[in-house]
Amino acid sequence: MTVTDDGAATASPVDPTPVTERTPSRGKLVLRRFLRRKSALFGLVVVVLLYAVAFSYPLFSPWDYAVPDYLAFLTPPDGSHWFGTTKIGEDVFAQVMRGLQKSLTIGLLVGLLSTSLAAVVGAVAGYFGGWVDRVLMWLVDLLLVLPSFLIIAVASPAFKGESWLIFVVLLAGFSWMITARIVRGMTLTLREREYVKAARFMGQSPLRVIAKHIVPNMASLLIIDATITVGAAVLAETGLSFFGFGVQPPDVSLGTLIASGTESAITYPWLFYFPAGFLVVFVLAVNLFGDGLRDALDPSAAGSRKREKKIDKGERA
Amino acid sequence: MIGFLVRRLANYVVLCLVATFLAFALASTTFDPIAVLEQRNPPPPAAVLDAKREALRLDEPIPQRFLSWVGGVVHGDFGRTVTDRPVADELPRRAGVSLRLFLVGVVLGVVFGVILGVVSAIRQYKLSDYLATLFSFIILSTPVFVLGTLLKQPAQSFNELIGTNYLQTLGESTPGFDGSWFASLGDRLRYLIVPTATIALGQIAYYSRYQRSAMLDVLGSDFLRTAQAKGLTRRRALFKHGLRTALIPMATLFAFGFGLLITGGTFTERIFGWYGMGDWLVVGVATQDANIVATVTLFIAVLVLVSGWLSDVLYAALDPRVRV
Amino acid sequence: MTAADKPFDGPVLEVDDLRVSFPSEDGRVTAVRGLGYAVSPGEVLGIVGESGSGKSVSSLAVMGLLPDSARVTGSIRFQGRELLGLGDAELSRLRGRRVSMVFQDPLSALTPVYTVGDQIAEALLAHGRGRVSKQQAANRAVELLDLVGIPNARERAKAFPHEFSGGMRQRAVIAIAIANDPDLIIADEPTTALDVTVQAQVLEVLKTAQEVTGAGIVIITHDLGVVAGFADRLMVMYAGRAVETGQVDEVYTRPRMPYTLGLLGSIPRLDAAEKQPLVPIEGQPPSLTDLPPGCPFAPRCPMVVDACLTEEPPLSLVGAVGAGEEHRAACIRSADIAERDPAAAEVFGVATIGEPAIAAVPRAEREVVLSVEDLVKSFPVTKGTVFRRRVGEVRAVDGISFDIRAGETLGLVGESGCGKTTTLMEILGLDKLMGGRISVLGEPTDRLDKARRKAIRRDLQVVFQDPQASLDPRMPISDVLAEPMQVHGFSAARIAERVPALLDLVGLRREHGSRYPAEFSGGQRQRIGIARALALRPRLIVLDEPVSALDVSIQAGVINLLDELKAELGLSYLFVAHDLSVVRHIADRVAVMYLGKIVEIGEVDRVFAAPEHPYTQALLSAIPIPDPAKERVRERIILTGDLPSPADPPTGCRFHTRCFVYAAMPEDRRSVCVDTEPALNGSGDHSSACHFARSREVV
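Residue numbers (numbering that gives the first Met the number 0), protein chains in the order written: chain A, 0 to 316; chain B, 0 to 323; chain C, 0 to 698.
The shape of chain A in the complex, shown without the other chains:
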């Protein structure tokens, strides 16, 4: 038996080990697990639907959110104004859709920004350790001591009249800390994983190790977290806008709409229940989607063992 150490080796020193039939790819497995969960599928469909409707509403609604209908003040929902009108005659449907647009956009951007920031800070702190870790974690502690709500409220006079994008940056800037802690914890574990050590011992540079081996292996966590953060960001945005600290008039968000509808929740319920309903349904859908993702992507998580039992039940029944 000869082994040439380069190029085309003709013979192998041991008998080749057969691999049994190919197992389904990870992607397929994830999809299968995800689809099995009705609530998650429901969440996904609702989220997609809401985004689609919010951005396409001008195509099928005759009303503009900012242009009042002077012939209809505070009319209840009817064929013309599907969700009724406000006291100055604005179409509530158009307003809710416009508000949904803003809230959803802000939510999506904040989810992406905050998770990216969390991934970078957490991975760097966890991988390098030492003083880098101490400084970054002190910063995290500090920001956790200050509720984001407070800081953004205090800073709100500064961005009055500015672009809502500043608001996005602020929201993202105050919602990454807990994720960063989790990422750091995972990095500490991953750093001791043998494949990371192997990369280090083959001479790979630290930043490349983080980019190539650490962050990709937290992809599930990050995807799940980004999803959940979208929901949380929408809640934070609407909360701040509710108090007038967020999206500023004449622009509307679900928060500003709910704020103006709260007073008349009992007398003119459509002013409150339509924006509030859309908000709750959207956040609920995002959360269900995120929960289903967690189950599908991370089968070791607590949620997934039960799946087996469920199947069994089905079989017994």
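No lab work stands behind these hints, which were simulated from the structure alone.
Beta-carbon label-pair distances, calculated as ranges:
#1 B:316 / A:115: 32 to 40 angstroms
#2 C:441 / A:119: 36 to 44 angstroms
#3 C:517 / A:187: 19 to 27 angstroms
#4 A:250 / C:104: 56 to 64 angstroms
#5 A:165 / C:493: 50 to 58 angstroms
Quantities reported herein were computed from a predicted structural model and do not represent experimental measurements. In this text, a Cβ means the ideal position worked out from N, Cα and C, and glycines have one as well.
Position chains B and C against the provided structure of chain A, taking the given hints into account.
Chains B and C alone, transformed into the frame defined by chain A:
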């Protein structure tokens, strides 16, 4: 050990100070109380504005203003509001209002959250588990300002049902109520129920989710099997060995849950017309008052750190592995 | 009086046509498919099989501890009483009192929040409510702890599980199991998670437990060595069924099923005088979701004939019926095997592996690939998780020296915590050292600049222990193999050419390159890890317990591969292991570590044939030999206690606290062990660090 606790405490104090300074500095740079005054109709005379500027020390650099504010705090003086009333006068009452809401909310939340989570986990995939999960998801997806408004409706229906306005949804006690201590407690209770339910529901949903998954983790554990193998029934093993161990992660969550509580509290106070610290913050921002903002920040920072410390203590109490 | 309380003279346990299935992602998994066996009072039955053979599931079924999702049919009779179908309340009256169980992983088997004493007492209180007072139970718990060999039992009973070492926890679990004097003890891989010396201790405790209780014992293991000297009867399981049963001696000496034959041949033998090839059983156990007809072992069987694929053979009598005990095997070719009585290597067609060319050159003339001189490494010791603080320092490695020459394998052995992994990390770190000096290929590592360090990494590669963790799950195998070459600036064309060559080299197919690690078995992943280490054509490969996470049958294939690569490519290995029989098989020289020190070092045959240090002797004697006759007459040196804390090592000779030589000596001769640290002394290539070194045969 002592040295360690002292270091820990020192770190807390520094964190509190830095946090408060950040809020103070941010407020001082973004707020412009003089501009607010100028917009009054009729506009106040220039001399009044100058006097105000002088009183609020707006010409001094921010760190210096902060230091003198901190100097005052040490002696119980939290500065004066823009309307020239001592912050310290209002502080105890407002802090009391908020603390009442927070404490009752947290206790109810933890107790019922744990119960709900455990029941959910043990009865996994039974109807009660689905209902509990659905409940938690809906509550966690509903912002407090929507939930509060929603709860006012059943409260009203309840009042209509019993024929009196027993459940109150505005204010914290009947103005001018006079009676025995006990009667006064009863009066306050009428105002407390709906707001407390608002805040507690969120807490229950939050804790129950985590308690459920902690309990599920424990359900598959080896030690539970050992407990059964030595002759405990499943139920006994679950409660004596399972629940006791599944409570440990709750200690860590406690610190995070508190942040949620504070934000929720702010909304609750506003919606139900309680004049607490959260309400004060909104007032402070509206009147562009840096002293109020700094005071509220300090209050919140202290609360967050106390809850963090409590969470550590709780953790050590629950888990012998971290005891020293 | 219930039926179970009456004296019963039949078997304690009778299992008949047991079937267990679980739901899973891919459909129902039938983990146990028609299993039957019986255990008589006082008898020890060994159940042996690879992971996934259904051996643990069947025993959990006996205890009634399977999850609700499991579907169990057949019959399980305990002292004549049918257990299947009993409710939790009825079973809980039996569990812990009449039948008890010892689990595999002692680290997680005890509830972390209660003291060990309380958990033992609980077993008594659970069955003696009203009759046993809390105080009585607590006292009895202390007695039981004492019985299982926990020193200072009254004090230790108040400790929490995390304050116990793995071995001590396993003893505590055994104490719980024997607390109510049961009639049957099921031990599910009770020693798998433990070090060899501790494994020997725990097996002794189990024997004691059996003597004290007179119970029947079912011991489940994947290691044929463990049960050789302990079990009376043996049952080999494969794919959820028994494939061979019989008296221990009969099965070991005359295996009649190729699987058993392979299992026996795959174990590296400590008592093997000359190097024999190991028998790997290639392939994986079948998936139990959708088993094809025929013998489930057929796809891996070297003796397979067409008839094997049509029908699954029943368990039937083979060979001579001796002493009233039946020897059965489930193989249609068992008659052929009986006729020829072949060696495993012959059946499985394994050839002897040659020596590398360089082995002909005398050791002294070969290049020094790695030299370690007086290496020291210490860690700060912190206490508490919430209130973390530094309380001291652990000298994990305390002045060790060795060297490795070209084409040579040095085995570094010792219990966990002895500092062998730390040594390895210090070598791989190529960084500044706390003390001592490491040279790789003649170059001292503490003065390297970045470029030189990177250059040296080409020659120094590593293979890790855990095949699950050693490959990035997100990378296809070809990327895994390409990574080291990319780091070291190989051209894309060169990499593309080399990746298939590497796959060939380790016995994998080229088309496997596009697959992800999760699609491979443990043994295959370990081969990929080895291929990655070979990518840069290193001179020295450091192997950190490369086979300890693998099943024996798979382990044999990886060891053979390493042997062959060394012979073909002239590599040098630093082989870290806790299993001395593997080291004996693969290494040229061996160094034994204890608490950060090397206590004995030398040529492998000399050290194993005539160990001088009492610790080496104890280590060797703790290794079971898969031969019941030899095992029963072997004199076993059982070390007392656990490894002392390296934060506070004993004075003088670090081993004296556990040393049997020291313990047997008169007081006046002992002082030198307590006061003076012995130096390494010896002649030729064999030295040991003991004041009273005396060679002794222990294998």
